[in-house]
Amino acid sequence: MCSLEKRGNLFILTLTGKNVEHRLNPEVLISIISALSRAKAKSTRGSALVTVSHGKFFCNGFDLDWVNATGSKQEAQQRFDYSLDCLTQLVQAFISLPMPTVAAVNGHAAAAGVVIPLCHDYVVMRRDRGVLYVNDLEMGLKIPELYMAFFRAKTSGWALRDLVLRGLKIKGEELLKMGIVDAVYDGEEGVTNAGMKMADDLARRKWDGEVYAEIRKGLYSEFCGMLGIASKAIGTPKL
Amino acid sequence: MCSLEKRGNLFILILTGQNGEHRLNPNLFSSIISALSRAKAESTRGSALVTVSHGKFFCNGFDLDWVNAAGSDEETQQRFNLLLDNLKQLVLAFISLPMPTIAAVNGHAAAGGVVLALCHDYVLMRRHRSVLYMIDLDLGIKIPEPFMALFRAKISGSARRDLLLRGLKIKGEEALKMGIVEAVYDGEEEVTNAGIKMADDLAKRNWHGEVYAEIRKGLYSELCDILGIASIPIATPRL
Numbered sequence: 001m002c003s004l005e006k007r008g009n010l011f012i013l014t015l016t017g018k019n020v021e022h023r024l025n026p027e028v029l030i031s032i033i034s035a036l037s038r039a040k041a042k043s044t045r046g047s048a049l050v051t052v053s054h055g056k057f058f059c060n061g062f063d064l065d066w067v068n069a070t071g072s073k074q075e076a077q078q079r080f081d082y083s084l085d086c087l088t089q090l091v092q093a094f095i096s097l098p099m100p101t102v103a104a105v106n107g108h109a110a111a112a113g114v115v116i117p118l119c120h121d122y123v124v125m126r127r128d129r130g131v132l133y134v135n136d137l138e139m140g141l142k143i144p145e146l147y148m149a150f151f152r153a154k155t156s157g158w159a160l161r162d163l164v165l166r167g168l169k170i171k172g173e174e175l176l177k178m179g180i181v182d183a184v185y186d187g188e189e190g191v192t193n194a195g196m197k198m199a200d201d202l203a204r205r206k207w208d209g210e211v212y213a214e215i216r217k218g219l220y221s222e223f224c225g226m227l228g229i230a231s232k233a234i235g236t237p238k239l
Numbered sequence: 240m241c242s243l244e245k246r247g248n249l250f251i252l253i254l255t256g257q258n259g260e261h262r263l264n265p266n267l268f269s270s271i272i273s274a275l276s277r278a279k280a281e282s283t284r285g286s287a288l289v290t291v292s293h294g295k296f297f298c299n300g301f302d303l304d305w306v307n308a309a310g311s312d313e314e315t316q317q318r319f320n321l322l323l324d325n326l327k328q329l330v331l332a333f334i335s336l337p338m339p340t341i342a343a344v345n346g347h348a349a350a351g352g353v354v355l356a357l358c359h360d361y362v363l364m365r366r367h368r369s370v371l372y373m374i375d376l377d378l379g380i381k382i383p384e385p386f387m388a389l390f391r392a393k394i395s396g397s398a399r400r401d402l403l404l405r406g407l408k409i410k411g412e413e414a415l416k417m418g419i420v421e422a423v424y425d426g427e428e429e430v431t432n433a434g435i436k437m438a439d440d441l442a443k444r445n446w447h448g449e450v451y452a453e454i455r456k457g458l459y460s461e462l463c464d465i466l467g468i469a470s471i472p473i474a475t476p477r478l
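Here the protein sequences come in this chain order: L and A. Oh and the first sequence: position 27 is 27 in this note's numbering, straight run, nothing missing. Adding 239 to a residue's 1-based position in the second sequence gives its number in this note's numbering.
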């Protein structure tokens with residue numbers, strides 16, 4: 001599933017998911033949501049979270065073996081929809097997390113798996129391995145409205161087109177040019193350490209977590225609007 | 240006017256029209272929209288469309304001679320408004336087209352001609368002898384909302400400001416840097432052939448046209464809202 005480690009002010013979330021591809025099913029998604037709840041409960045000023053993974057894959061999407069291991073097409077659709085609902089809850093949990101978040105992408109992320117790094121505030125990625133692959137078009141699937149709004153929050157113009165409308169397996173260097181990742185590094189250790197360092201640097205800013213989360217939600221205003229996550233009023237500002 | 244040629248899986252839309260400036264008037268609009276309807280009716284998986292032109296101009300905007308040949312000030316305004324409505328219909332038709340689209344911009348494009356180029360998924364341009372010129376500001380004409388929404392969807396930041404608010408004649412290399420065009424070529428033959436080749440490469444991906452159009456509309460959510468184009472739910476995904 002996943003594991004959460006605390007190291008000083010840093011929360012380190014390690015994604016394991018199902019199999020080497022770190023696939024997502026409701027059990028995995030709920031366990032990650034749980035980990036985020038624990039991080040939130042223990043958060044203080046100057047907390048930060050970094051999500052890491054090991055091996056060839058970061059996250060290769062939904063656990064389609066589980067989805068399809070049912071008696072009927074209808075049931076398979078239900079399992080798929082349930083996975084999607086859990087993913088949406090996970091995105092909400094990330095977006096509401098009262099601390100900066102960094103994803104250190106060590107390997108491939110595809111389909112639903114692309115959403116996970118992108119719901120972090122910062123993405124660092126390997127230069128030498130790993131692609132982001134939004135494969136809905138290739139599969140003949142429309143991207144749900146909510147997730148189009150999610151992608152629109154992260155990127156725009158030709159970069160948005162190349163991310164969702166071109167069936168591309170996009171490497172780190174290209175994602176850097178597209179403004180989708182913040183930096184690229186060689187090797188799994190390289191990117192993991194860089195992710196931790198970045199989270200640490202952000203933690204040292206000692207930001208008020210609640211304020212951080214509220215400002216962050218404003219970056220996803222359309223997405224939050226569709227989910228009905230209103231911004232809360234924070235007490236009188238100190239001016 | 241224009242002609243539509245089918246070459247294997249490719250639809251080639253050739254702009255013709257009077258005076259070599261390929262100015263947009265009701266006849267040219269209706270001829271292009273008609274051609275797009277035919278392409279849509281004959282489309283299959285793996286279709287693609289490329290729009291080409293020949294000579295000094297790609298499309299130099301509205302046929303202002305026709306607009307100004309009206310009997311009265313009131314009629315002049317009516318003619319202009321009619322062209323705006325027609326341009327909206329054109330944008331709608333392109334954005335709903337169930338196949339990838341490419342504009343091979345062989346020459347100058349101004350105002351409505353820039354809108355025409357930019358309603359394609361990809362724009363290829365000549366490096367020299369071709370400028371994109373949003374002449375509206377220099378002429379003292381406001382850019383109406385649906386077209387502003389198109390520009391906002393395609394281009395951001397300083398590039399958007401430079402295209403719309405600076406009276407610039409933007410050459411190929413600059414348009415490339417601004418992320419407005421995908422690639423530049425020397426010569427009319429080169430850009431036309433490149434357009435056809437790119438259309439062919441995209442056609443070979445064999446995407447479902449309906450899914451393609453629906454994901455594409457997600458890139459233009461604000462524009463689609465303004466034009467009243469709802470997304471259609473696509474049937475149960477094949478898992």
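Hints are computed from structural coordinates only; laboratory data are not their basis. Because the structure is a prediction, the values reported are computed rather than measured. Cβ atoms here follow ideal geometry from the backbone N, Cα and C, with glycine treated the same way. Don't take every hint at face value.
Unchecked claim - Label pairs and their in silico Cβ distance ranges:
| no. | chain 1 | residue 1 | chain 2 | residue 2 | range |
| --- | --- | --- | --- | --- | --- |
| 1 | L | 96 | A | 247 | 39 to 45 Å |
| 2 | L | 219 | A | 313 | 46 to 52 Å |
| 3 | L | 44 | A | 412 | 47 to 53 Å |
Evaluated hints:
1. Against the hinted window of 39 to 45 Å, the Cβ-Cβ separation of residue 96 of chain L and residue 247 of chain A comes to about 51 Å, which falls outside the hint.
2. Distance hint check: the CB atoms of residue 219 of chain L and residue 313 of chain A are about 47 Å apart, consistent with the given range 46 to 52 Å.
3. For residue 44 of chain L paired with residue 412 of chain A, a C-beta distance near 51 Å keeps the hint of 47 to 53 Å intact.
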